[in-house]
Amino acid sequence: MLSNKYLNSLLGATMLLTAGVGSVYAQATVKVGLIVPMTGPQASTGKQIEAAVKLYMQQKGNTVAGKKIELIVKDDGAVPDNTRRVAQELIVNDKVSFIAGFGVTPAALAAAPLATQAKVPLVVMAAGTSMITESSPFVVRTSFTLPQSSVIIADWAIKNNIKKVVTMVSDYAPGIDALNSFKERFTGAGGAVVADLKVPLASPDFAPFLQRARDASPDAIFIFVPSGQGGTFMKQFTERGLDKAGIKVIGPGDVTDDDLLPNMGDAVLGTVTAHMYSANHNSAANKAFIAAFKKANNGLRPNFMAVGGYDGMHLIYEALNKTKGSTDGEALVNAMRGTAWESPRGPISIDPRTRDIIQNIYIRKVEKVGGELYNVEFATFANVKDPGKEGKK
Amino acid sequence: MSGAAMQDLTAQVAYHLARRARWRGLEYVFWAAALASVFFLPAKHLILNEIAILALFALSLDLLIGYAGIISLGHAAYFGFGAYAAGLIAKHGLIGEPVLALLVTGLVVALLGFITSFLVLRGSDLTRIMITLGFSLILREVANRFAGLTGGADGLQGVTMAPLLGQFTFDIGGHVAYMYSLTVLFVMFLVARRIVYSPFGLSLRAVQGNALRAAAIGIGVNWRLVAIYTIAAAYAGIAGALLTQSTQFCSLDVFSFERSADLFVVLVLGGVGYLYGGLVGAVLFKITQDWLAGLTPQYWQFWVGLTLVIIVLVGTERLSGWLRAIRRLAFKGQG
Chain A
18 MLSNKYLNSL LGATMLLTAG VGSVYAQATV KVGLIVPMTG PQASTGKQIE
68 AAVKLYMQQK GNTVAGKKIE LIVKDDGAVP DNTRRVAQEL IVNDKVSFIA
118 GFGVTPAALA AAPLATQAKV PLVVMAAGTS MITESSPFVV RTSFTLPQSS
168 VIIADWAIKN NIKKVVTMVS DYAPGIDALN SFKERFTGAG GAVVADLKVP
218 LASPDFAPFL QRARDASPDA IFIFVPSGQG GTFMKQFTER GLDKAGIKVI
268 GPGDVTDDDL LPNMGDAVLG TVTAHMYSAN HNSAANKAFI AAFKKANNGL
318 RPNFMAVGGY DGMHLIYEAL NKTKGSTDGE ALVNAMRGTA WESPRGPISI
368 DPRTRDIIQN IYIRKVEKVG GELYNVEFAT FANVKDPGKE GKK
Chain B
9 MSGAAMQDLT AQVAYHLARR ARWRGLEYVF WAAALASVFF LPAKHLILNE
59 IAILALFALS LDLLIGYAGI ISLGHAAYFG FGAYAAGLIA KHGLIGEPVL
109 ALLVTGLVVA LLGFITSFLV LRGSDLTRIM ITLGFSLILR EVANRFAGLT
159 GGADGLQGVT MAPLLGQFTF DIGGHVAYMY SLTVLFVMFL VARRIVYSPF
209 GLSLRAVQGN ALRAAAIGIG VNWRLVAIYT IAAAYAGIAG ALLTQSTQFC
259 SLDVFSFERS ADLFVVLVLG GVGYLYGGLV GAVLFKITQD WLAGLTPQYW
309 QFWVGLTLVI IVLVGTERLS GWLRAIRRLA FKGQG
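Which chain is which? The protein sequence lines are A and B, in order. Just so we're aligned, residue 18 is where the first sequence starts under the numbering used here, counting upward by one. Just so we're aligned, residue 9 is where the second sequence starts under the numbering used here, counting upward by one.
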């Protein structure tokens, strides 16, 4: 009888203890919802970001400020309707403290109103249209904006005797953003845009556009296509002999994306782009990042999407550190403002005013390094803010 | 035929129609389950809302294929048109109240359906597939071109919905949205049920069976097809409008070919020509998809494909066929 009584009290104590541990555990977990395209044409973006985010968590451990970080990965196929529902489910059912990822601009824009409504920080790790950070006070970006690199490449083109340009961009917000910021800067400095061509976003065929570009015989083509379509463009560019006609390719770095660059062939040699990251960037931080990323992903070369994801996760960790683990949305966003750190791409920070990224933009030329194609950086423009929002209050 | 015999025949037809229109036990079970989901699955209301909308959309295609034999591979045209119409109405504050806006959208899309029905009625099945597909692609491109109005590839931004009936605000948990969509689905289902069990519905079945013979016995084929096509378009448009209203967002994806093609899969899963096919198919399709996408975000499409192939291989024409098979097994057990 005695032993039975003893057993009972032990059982009760255990139950109390487990219940206590359970509730502590629930409070000590911070969930991060990662919404990226894992299927469809933008799938490479999602894979790069997911790999980088997981790498960061593996390197830095999954505990921040006493909280356990739990990552929930969801595929939206880059379809904004899906993004919206997935984000809503993550916020309502999984009670995530952050939503992050967003492979394309429409996806980020679809989720932004939810971030405002639920007061959940939204970390953009890929999409690059300037206005995304203006769509909600809870949006913070660790990728880049298209005006950042488009304006810089315009300056470079003018200095390097490129006077006549045909622009070719994908017909959606980032493309229009790239086009407008390039055109404004380029024509303002005395250059001429002889034709601006807009290519449909879905399943593009560049051939007819390239023909029209060739007929205009410009010094260079300014090209923006989303990461993943660059290979097709460069292939058709050489097939139609535009390289032999002496036409240069310039643009933001999406077209010579590191993920696809090794397979683009020698036709891309000499392409000059402006961008915030090259796998060839010469810094200790980058070398360590590349080595770890390749080791964890079967030799895959990280691209600028991976860096956006890696830095995005760093920003989430830093914000939680600063709030001492508090998951209040406004506190987290305020903690993110002004955060500065050394990224694999170089020194970066979050603009306290616009919540957008401030970073170096590099001018790079495609060259062979050790038998592989790389974007080799040869000029640096330091601490570039998003020109799309400068001058706005 | 004498007057008395004619009267006798009419009475017979009315009798048979009334018998067929009787509510069956399983139907009660189905709708009771739907009602139960409102109360017992609050965490699932977002996906259930999408299921209800897909079910309504599938119901629309079932009216076309299952009852009139018109095959359409571009039904997303009307879905998308309804979605954008509802979005624009809300964005520019033309009609504040969502239910009224939904009705107006339905009428507008019905008009579009009426006008385009004449194109679709020309030619055989293959031509129809081409025309409907082409039409949806054209609408998609138009929406893409008029970016000033539609937002182009970035989607329609800034849609905010007024409270439903001036009372219920659309919440982030999707509870109001689901109840709204489910109610609309139920009402539209009742109307569809009334239509297919009416003499008009019966004559449609005759046309579906053999249009030439139907014409020979005095059934006006063309106007019937125009009528059902218009009705089906309105159904699809209302489904699209529901999507925009409940998510307060709308993108070019509403016109996508995948949406039309998925709809076919839904109908194949559930079976055509008994109204519940689209409904059951939508539930199966979405739940499978959601479950697999949660398990493996990267390779779920492969598993969805495999599941569909298996279901179609082992399944029969429709789910009731499965039920019959089960019943047969059960009787075997007894005997």
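One or more of the hints may lead you astray.
To be verified - Once the Cα atoms are required to be at most 27 Å apart in a straight line, the calculated DSSO-like pairs of lysine-lysine come out as: (1) A:LYS180 / A:LYS265; (2) B:LYS99 / A:LYS64; (3) A:LYS304 / A:LYS385; (4) A:LYS200 / A:LYS64; (5) A:LYS71 / A:LYS48; (6) A:LYS200 / A:LYS304; (7) A:LYS341 / B:LYS99; (8) A:LYS200 / A:LYS252; (9) A:LYS382 / A:LYS180; (10) A:LYS265 / A:LYS339; (11) A:LYS112 / A:LYS84; (12) A:LYS252 / A:LYS385; (13) B:LYS294 / A:LYS382; (14) A:LYS265 / A:LYS215; (15) A:LYS48 / A:LYS84; (16) A:LYS48 / B:LYS52; (17) A:LYS136 / B:LYS99; (18) B:LYS99 / A:LYS406; (19) A:LYS85 / A:LYS71; (20) A:LYS112 / B:LYS52; (21) A:LYS48 / B:LYS294; (22) A:LYS136 / A:LYS265; (23) A:LYS304 / A:LYS382; (24) A:LYS341 / A:LYS85.
Derived from the structure by calculation, the hints contain no laboratory data.
Mind listing which of the numbered hints don't hold for this structure, in increasing order?
-> Of the numbered hints given earlier, those the structure breaks are 2, 4, 6, 7, 10, 13 and 22, listed in rising order.
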